[in-house]
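J.: Full structure from sequences and hints, please.
Chains as they are written, first to last, in my numbering: chain A, 54 to 381; chain P, 54 to 381; chain L, 54 to 381; chain H, 54 to 381.
Some hints here could point you the wrong way.
Just so you know, same-sequence chains aren't split out, so a pair can sit in one copy or run between any two.
Straight-line distance between alpha carbons at most 25 Å, and here's what the computed PhoX-like set of lysine-lysine pairs gives [claimed, not checked]:
| no. | residue 1 | residue 2 |
| --- | --- | --- |
| 1 | K55 | K76 |
| 2 | K251 | K296 |
| 3 | K373 | K66 |
| 4 | K269 | K296 |
| 5 | K376 | K269 |
| 6 | K269 | K251 |
What the hints contain is simulated information worked out from the structure, not anything from laboratory work. The structure presented is a predicted model; accordingly, all values stated were derived computationally and were not measured.
4 protein chains.
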Amino acid sequence: MKFGIIGAGRIGKIHGGNVAARKDCVVAFVADADAGAATSLAQSTGARVGTVEQIFAASEVDAVAICSPTDTHADLIERAARARKAIFCEKPIDLSADRVRKCLDVVEAAGATLMIGFNRRFDHNFASLQARMADGLIGELEMVSITSRDPGPPPISYIARSGGLFRDMMIHDFDMARFLLGEEPVAISAMGSALVDKAIGEAGDVDTAVVIMETKSGKVAQISNSRRAAYGYDQRIEAHGSKGMIRADNIRETSVEFAGAQGFVTDKALDFFLERYASAYRDELAAFVSAVTKGEKPRPDGEDGFQAIRLADAAYLSWKTKKRVAID
Amino acid sequence: MKFGIIGAGRIGKIHGGNVAARKDCVVAFVADADAGAATSLAQSTGARVGTVEQIFAASEVDAVAICSPTDTHADLIERAARARKAIFCEKPIDLSADRVRKCLDVVEAAGATLMIGFNRRFDHNFASLQARMADGLIGELEMVSITSRDPGPPPISYIARSGGLFRDMMIHDFDMARFLLGEEPVAISAMGSALVDKAIGEAGDVDTAVVIMETKSGKVAQISNSRRAAYGYDQRIEAHGSKGMIRADNIRETSVEFAGAQGFVTDKALDFFLERYASAYRDELAAFVSAVTKGEKPRPDGEDGFQAIRLADAAYLSWKTKKRVAID
Amino acid sequence: MKFGIIGAGRIGKIHGGNVAARKDCVVAFVADADAGAATSLAQSTGARVGTVEQIFAASEVDAVAICSPTDTHADLIERAARARKAIFCEKPIDLSADRVRKCLDVVEAAGATLMIGFNRRFDHNFASLQARMADGLIGELEMVSITSRDPGPPPISYIARSGGLFRDMMIHDFDMARFLLGEEPVAISAMGSALVDKAIGEAGDVDTAVVIMETKSGKVAQISNSRRAAYGYDQRIEAHGSKGMIRADNIRETSVEFAGAQGFVTDKALDFFLERYASAYRDELAAFVSAVTKGEKPRPDGEDGFQAIRLADAAYLSWKTKKRVAID
Amino acid sequence: MKFGIIGAGRIGKIHGGNVAARKDCVVAFVADADAGAATSLAQSTGARVGTVEQIFAASEVDAVAICSPTDTHADLIERAARARKAIFCEKPIDLSADRVRKCLDVVEAAGATLMIGFNRRFDHNFASLQARMADGLIGELEMVSITSRDPGPPPISYIARSGGLFRDMMIHDFDMARFLLGEEPVAISAMGSALVDKAIGEAGDVDTAVVIMETKSGKVAQISNSRRAAYGYDQRIEAHGSKGMIRADNIRETSVEFAGAQGFVTDKALDFFLERYASAYRDELAAFVSAVTKGEKPRPDGEDGFQAIRLADAAYLSWKTKKRVAID
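T.: So, in structure tokens, the structure goes:
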């Protein structure tokens, strides 16, 4: 399977590297507005540098991995769909749910395969947690609780064009909540503020937020997010059901523990997503390749991407208007 | 210090027994509408059975512990205050915040000492957590997360007169949130449903609920409650600040762990409040005795009781009206 | 049940206090060569100061708790047995196994009840571990591993008259090993040195030691001891069987955990035996009172005391002679 | 760097695969008496099938990985040394310490580079533990405790030619003890029996064993081994020093925990060495390649292999003769 990698930044390097490491895949082209970045990734993956146009036009290219800035995603997805490429696109599809809907219409009309990069579903811990729930381990699900805290805030320049915490960061948790709930939330209420960095507040965003949601059948979910965690990248899930609780804890740097005069000390959590989700990115790619190869519909798909951005929009609206928001 | 114990039920027995076990205290009287219960507790504590009137009239009685049903609390507090007794009263003071306010006015006018039984503040784990926060261990507080799950639901008959989950159960968590936040919440949003027992829903109550709150300075709090936990009485606190996280975990029955074909298995959490908070009840009493003896104002006081019921009311209103509720 | 407490030092205070706190027991007399210590304990327990002779002569005294220095134990046990008192004696009975054997002959001839204070059997964690093993949880037992580390070394003056680490400290672990193995060790090998304090080595003792033992059926046990542990009083047990492992971990001061830039930090282990085994001492006394009341033979008994000192002797011999020692 | 892989069994596949996955290495030849195994590994690594003679004769081959049965190791090492290849050899070099010494003399005379596959030194948890000790985290080392338990026993046919538990299994722990102690043991005492499978005992071996060792300066070590662990591959290290304890725990299959009526359940330990030490094998190879490339002496080297087999021999002797054994 031959890939075109569009975008050679941090996440493009991950996906490009993972494609190149697979025996059944090849990176054919790398495209990036930054020629240096494109060349560097092309060299390390044994690919050629190309333009987006070249990639879509190349008949040997089976699939594209869209790793470019968010505001290019929807357009690139549409072009890739029309070019009959299988499409893997980083989240989010777009910051506007309307734009996402239109994009998905194009994808559907073209009969294209589209998978969205909600990598956490492929973390083997979270995937195992979800599978055990699906097997009935905790009985009927009642409550989901998700904690996500970044080790530190991104640059303000990133904040400004990110769509804000709800659409940029919590969108992962919205997808995870949906993945676990197995049912769509019908209402949401959000609270948040800028406690980590005032500049984030001045940019119209929050860095600390909590959200609650409920589904039609009465299941509830809570999400907490922060752009700061002194102890590493905090990624935890907890679910409660009629027969008990299931949770997935953080991953520490090592299993080493020191005990001294200050007590028992274990390592910090793995520092950030590249490290924490390294194998999740590989498994995500494997799922995409497998689905494309077998002609199956991959998940998370465009609809998952749409629902996640809708929840993020509703959370933002709830925060902004200081009101509970119904999701129709 | 001589006590009159009013109410010889489950919680009256705890407080009566703890008073009797102290070298500096005596149970002088036990009063209860149920003569058998009163006699039983009086015998085990070396006290006399008396009426409420006798207790208030007895000049040798220094203090009363009000452990009777909630709807008698406010009236008994007022009478005790006028009788110049130091007053320890179980939570809540009343299910009506207005009634609580009036009661506190009487207490204030009488210059009486009043302490409310939010026992969790005296759990040595939670007390230590709060003390370390106060010492600045986690820097500036940003977020509080509280999980409380009962091992199983109470009888429907109890539910009916309890004031509902928010006023009966989550009131402890509201007090804990205030204890940790060090600042009053200004808004609250609640979601909940009856997933454990439909009869609870039919009684107009919920058994599963999540709440978020925020303070004027932007701190946020989340609380989750359930009337069901297969693994014991779930009582956890987590707080995040600029320098890190602090949390207090459940207490297991023993420190024993078994490892076999199913994995590593540790004990359930201590089953319920009598066992989980046995030493907290003793330390709570010690704080009351110490405050009365030294002529100091005990905490949590009537105002803490008032603020907790206000938050519970607001949570109930939010749940009932499906709206975020501002707290003025 | 009326007790005479012989010895009003650290451990005498524990047992005296625990006797006094029981509703079915009374401390009748306290005896100690140090009049001040005796008076102090007598006052706090509502007892009279008396001589050892008075205690043995007093017909109302049912039982004695021997808490005096080790070199007085065997003689006091014999006198108490002849005086027909039920006897609780702190470990060890004597530093000489021969002397212990003679003492037990006197006890047997007198038909006296004797219980030895191996308190750890009554720690509810260890007791639960043993009970689960007895219930077959781990199948056929194969290996026992015991770790005991004191937070710090005792004064050299204590070391000199203690009988040394094997007889003073590891004797608890020998009793625990026998308690868990359910079979007598037939061989032992010990290694040790003075690494914590050279003065301990100069006094002819070790402060760091490891021992292995095997039983006739081939079960093996390992014990490690140290007079130093920066992280508190380290008291752990682990047992392996055909169906798995069971272990009991240390008890921390609180359940509080802090997570910051240095990682995740939990509290030190409870600092020393008075704190760690506070409830074990109460349960030990309860077992003694129950056995005496019911006319049953208490455990651990004199034979347990004898076997433990034999193992300690063998360990000492193994260390001293640098040879494996067979236990006949 | 071009490798010849000698032996295409379980461990040969690991090393062959890891060599092939490196960008700076190539598998040139695979040799195995079993042509099918050789062909299979050659195909998956892009190598040619060759004979041992061909590998030694091929001038383009820089290094060999000796993954054949133990009784061929010493001979192959000597031939490789004379052929001026860099040598990576699986442990043990030989079951006879004398044979190992002779082999090492040949290696030395040839000036060859030899690294022995004690993979556990390269586990990032254990490596980190050792590094922190070397940095002084626990102060002066006093005691090392190592637990190794296989999930289940190997076939009796393997036992028979393995050299027995001490030389086949515990040899890893002897190397680890030396790695951590930083000093040679001067005495050893071993106990063991066949509790898992009587046939192992009939084959003259043990499946359950404990060992203690001491060094000249008085440091002590304990090792426990078993061929059975219901809860997975048990691989733990604990070290104590003047400033505290450091330990490395098992690695679980996932971070998922279930809490239900039976308590809190976490996953089993990773099942066996291929899975548990997958990254250790990669890091081990990286260390070998780096040393060869830089012309440095790799560790663990032949001398480490010799010392480990000496300790294993001494342990066997101690067990067999029921005596403590001095190591000169």
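J.: Does each hint hold? Answer for all of them.
T.: These are the hints, each one checked on the structure:
{"no.": "1", "hint": "K55 - K76", "verdict": "both (11 Å within a copy, 21 Å between copies)"}
{"no.": "2", "hint": "K251 - K296", "verdict": "between (44 Å within a copy, 17 Å between copies)"}
{"no.": "3", "hint": "K373 - K66", "verdict": "neither (36 Å within a copy, 50 Å between copies)"}
{"no.": "4", "hint": "K269 - K296", "verdict": "within (21 Å within a copy, 39 Å between copies)"}
{"no.": "5", "hint": "K376 - K269", "verdict": "both (19 Å within a copy, 16 Å between copies)"}
{"no.": "6", "hint": "K269 - K251", "verdict": "between (37 Å within a copy, 15 Å between copies)"}
The structure is inconsistent with hint 3 alone, although it conforms to all the rest.
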